[in-house]
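*Asks:* Given the coordinates of chain A, assemble chain B onto it according to the supplied hints.
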Amino acid sequence: AQTVTQSQPEMSVQEAETVTLSCTYDTSESDYYLFWYKQPPSRQMILVIRQEAYKQQNATENRFSVNFQKAAKSFSLKISDSQLGDAAMYFCAYRSEYGGSQGNLIFGKGTKLSVKP
Amino acid sequence: ETGVTQSPTHLIKTRGQQVTLRCSSQSGHNTVSWYQQALGQGPQFIFQYYREEENGRGNFPPRFSGLQFPNYSSELNVNALELDDSALYLCASSFGRGTEAFFGQGTRLTVV
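Protein chains in written order, with our numbering: chain A, 1 to 117; chain B, 1001 to 1112.
Looking at chain A on its own, in the form it has when it is part of the complex:
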C-alpha cells in the first residue's frame, strides 16, 4: 500500500521569505501523480501544484515550485516570496494511475504553515 509522510507538523516563515515543505512517499508503482493541496481555515482543499511521475521536469506555478526526486521518493514544495494569504495547512497527496485505486488520493498528515508579517 502507498503511504505519504509529512515530517513537519508546523513551519513558520517571514513574509517575503522562502520556505520549503517536505514530503516523502512510498510506492512500488512507476506511474502516479503527486499533489500539494492547501487547506485554509475555510476548509476547502485547493490544488496548489501537481507533478506527473513520468515527467522529470519539476512543476512550477508562479511562486510555488516542487523538487521531485523520484528515486528518493521525495516531493518537496517551495514557496517563494511568502504572503500572508499563504498561511494554511498544506497536504501532500499521492494518486495511483492503476486499477481500482485510480482516482483516489492518499494524503499525508499535513504541515501547518504560519506567515509572520
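If you're looking for bench data, these hints aren't it; they were derived computationally from the structure.
Wrong hints could be hidden among the right ones.
Covered by chain A, per the in silico footprint, the following chain B stretches (three or more residues, Cβ under 8 Å) [as the list claims (entries may be wrong)]:
{"id": "1", "region": "1017-1028"}
{"id": "2", "region": "1084-1095"}
{"id": "3", "region": "1103-1112"}
Ideal Cβ positions, reconstructed from N, Cα and C, are used throughout, including at glycine.
*Replies:* Below, chain B without anything else, positioned relative to chain A:
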C-alpha cells in the same frame, strides 16, 4: 471557489443515529469521491462513485454507504453513528477517475 457544494455545513448527531450528507458536483463532472478528515489528520478516502456505480472503497465499514444520482450529485450515508465518526467530510468531483479533483467546503459532523 469550485463548483462543488456540500450540505449541510455543520451537523450535530447523537450516537446511534443515522446521517445523510449531500454533495453537488461541478458541472460536467461524472465522478464523486468522499473523504473523512479527522481533527489534525489528512483526509482518508471513503469511496468513489463513477457514473452512478461505486468504484473503489477505502478501509471503512459497511455502515458507510453512498449513492450517486443521474445528475451525478451524491450522498454519503452513515448508520449507527459512533463518537469516532466526528470529522470533516469532504466531497470531491472530477471528470473521470484519473483527472483533477475539485473539493467542496466540507460538512463538519459532530457525534455526541
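*Asks:* If a hint holds in the structure, say so; if it does not, say that too.
*Replies:* Cross-check of the supplied hints:
1. 1017-1028: violated (count 0)
2. 1084-1095: holds (count 4)
3. 1103-1112: Holds: 5 residues of the region 1103-1112 of chain B have a Cβ under 8 Å from chain A.
Violated hints amount to a single one, hint 1; each of the other numbered hints is respected by the structure.
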